[in-house]
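Chemist: Each chain, written out:
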Amino acid sequence: MTASTPSPPRSCTSGPGETGTTPAERAPTARSRNDAEARWPEDGDEGPAGVPGFVHSAFAPLVVAVAERCLARRYGTGPLPPGNGTAVVLVSAGGDTASAAHVRAAVDAGDRIGPLFFFQSVPNSVAGHVAARWGLDGPVVCLSPTGDPRAEGEAEADLLLHDGDAAQALLILIELASDGTPGEATAVLLGEGTRQ
Amino acid sequence: MAERETVRITGTYALSALGRGADALLAGVLTGAPAFGPVRRFDTTGRRVTVAATAPDVGTLADELADAIDAAAGAAGLDRAGRAGSALFLATHGGPHSLPVPEGRDAPTVPALAGHLAARCGLGGRTRIYTTACVSASSAVADAAALIRRGDLERVVVAAGYLVEPDQYALFDAGRALAADGAVRPFSAGRKGLLLGDGVAAVVLESASAAARRGAETVATVAGWGRAGDAYHACQPHPEGLGLARAVEAALRRGGLPPEAVGYVNANATGTPFSDASEAAALTRVFGDGAGRLPVSSTKSVHGHALEASGLLELLVTVLALRHGKLPVTAGWLGPDPQCPLDVIRDAPRPARTGHALTLNAAFGGANTALLVSTS
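In order, the protein sequences belong to chains A and B. Each residue of the first sequence is one higher than the last, beginning at 147 in this note's numbering. Each residue of the second sequence is one higher than the last, beginning at 960 in this note's numbering.
No wet-lab data here; the hints were simulated from the structure. Everything numeric in this text was worked out from a predicted model, so none of it was measured. For glycine and all other residues, C-beta sits at the position ideal for the given N, C-alpha and C. Just to be clear, a hint being listed does not mean it is correct.
Per label pair, the in silico range of CB-to-CB distance [said to hold, decoys possible]:
1. Arg999/B x Ala255/A: 15 to 23 angstroms
2. Gly980/B x Leu262/A: 36 to 44 angstroms
3. Ala323/A x Asp1002/B: 31 to 39 angstroms
4. Gln1298/B x Gly199/A: 23 to 31 angstroms
5. Glu192/A x Ala1071/B: 32 to 40 angstroms
Heads up, incomplete: computed chain B residues facing chain A, CB under 10 angstroms, no partners named [said to hold, decoys possible]:
6. His1052
7. Ile1088
8. Ala1105
9. Gly1134
Derived list of chain B stretches under chain A, where covered just means 3 residues or more per stretch with a C-beta under 8 angstroms from a C-beta of chain A [stated by the list, open to error]:
10. 1069 to 1077
11. 1116 to 1129
12. 1184 to 1191
The whole structure should be built from the sequences, with the hints applied where relevant.
Modeler: This is the structure in structure tokens:
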């Protein structure tokens, strides 16, 4: 069974107290509303479950855990029907630092690198994993924020929606802890902005 | 606000194994001699494949990016004030080690690279960094064009860089993505995979009105763009090219052009069996019977795959070729593949029959982009 398609234009994408754009870009013209939101960890979380095809690092499990939680709150079970135009916007300053450190150490030592590290070498991979699982057929965009991560992610989602390449966007904010262990992640389902 | 602004390219620069500057890039892709050779930049002992297209005497990625931005801004005739009013959209790999690190200090994150470049090059507008793998640069161009057309920004410098380095090289080798026969053969029978190549590029995009106020010459127009996902697999493209086809359709729709107006496609084709067939399916889906008569080439067969920078390098190839009136060749051709029934340019450049061309890119995660450029 598939979930319903995104409903028609909803209110704007920014969270309370935040703007989805910088002063250099046009400000959204309506008050914000998220269609669903999830965090990791939430009460009772102990550790994200492993994801088949992804190894060594908590990056992909954390992304999948928070994305699943967010999408399930809005849609129950997936996938969404074709043509839903749901973008995946993944924002991370550090990226998968645990995998990168492992690869760097292996290269320096002349050790063999497992092929799965190739497949998880870019954040697109886990974004695509989520997109495939839920049938999200909008654009996939990964950003490394230079300012407020949520504001930059919302600005990107706002642009994709305004431009028409996406009907809604799943924004994922993810940073591993400095020691590579699971850090924090947030997923927000953002509806179409209202413009004058 | 009505969408009104036409998006101009007013300055360009590129570095690749074909040389430094636009002239070297154009000459290289028209000659069609692959630039691959043994990797000497780092030790490839134990690797399955040991070749790539590397430029000699390159600096650090940060220095090369700064030089590229300076050169593109200079080509666009941007003065200090013009630079100060420009945004910087940067496409690069999202991991550490992109910036030279003083001894004893931790590697900075990628955002530090953008700040460093903006400060060094005098770009005072907002910065945004794209780490979305092999569609990083093309996504940056699409977003920049959308923001300019929407009237949010007047000018954006898009810069992208990848210099072949040991970590990504090892990963691609481990993933058996590299062509074991040392050649990239897009759309050809017997293709074995991709090979990596250096690519550092920068373009100045600005609104037509801003360019006109400065009296800046137009190199080309970014007429349309599209981005779409496959929703199929973490790493493999949809076998029918559904996402890429939707990206192309979106680019044509934004550009207000019918498919038959397109006279050239600079394909993503990496020389990888599955993904080249997927791209051929996408083109057939959009262009129908016309796909077999549409001149297509993949210049990755000459300059290699520049990963996050590939979209910008190939945009420049496309623009330069259109302006020159000659379409570049695809190297490495062995014979036709029934799964890729396309008119692949090989052996010699062809005359451009229209002033409109597409440049396509695809990436892990089912990410696809199409950029439509016009010189007429």
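Chemist: Each hint needs a verdict: does it hold in this structure or not?
Modeler: Hint-by-hint comparison with the structure:
With their beta carbons about 21 angstroms apart, Arg999/B and Ala255/A fall inside the hinted range of 15 to 23 angstroms. As the Cβ distance of Gly980/B to Leu262/A is approximately 40 angstroms, the hint placing it in 36 to 44 angstroms holds. Checked against the hint of 31 to 39 angstroms, the C-beta distance between Ala323/A and Asp1002/B comes to roughly 32 angstroms, which is consistent with it. In this structure the supplied range 23 to 31 angstroms holds for Gln1298/B paired with Gly199/A, their Cβ-Cβ distance being about 26 angstroms.
Range check, Glu192/A to Ala1071/B: Cβ separation about 34 angstroms, and the 32 to 40 angstroms hint holds. A distance limit of 10 angstroms between C-beta atoms decides the matter here; for His1052/B the minimum to chain A is near 8 angstroms, and the interface restraint holds. Evaluation of the Ile1088/B hint against chain A yields a held restraint, the C-beta minimum of about 4 angstroms falling below 10 angstroms. Proximity of Ala1105/B to chain A holds as hinted, the smallest CB-CB distance being about 5 angstroms (cut-off 10 angstroms).
A distance limit of 10 angstroms between C-beta atoms decides the matter here; for Gly1134/B the minimum to chain A is near 3 angstroms, and the interface restraint holds. Counting residues of the stretch 1069 to 1077 of chain B whose C-beta sits closer than 8 angstroms to any C-beta of chain A gives 4, which meets the bar of three, so the coverage hint holds. Residues of the stretch 1116 to 1129 of chain B with a Cβ under 8 angstroms from some Cβ of chain A number 4, which satisfies the need for three, so the listed coverage holds. Residues of the stretch 1184 to 1191 of chain B with a Cβ under 8 angstroms from some Cβ of chain A number 7, which satisfies the need for three, so the listed coverage holds.
The earlier numbered hints are all upheld by this structure, with none contradicted.
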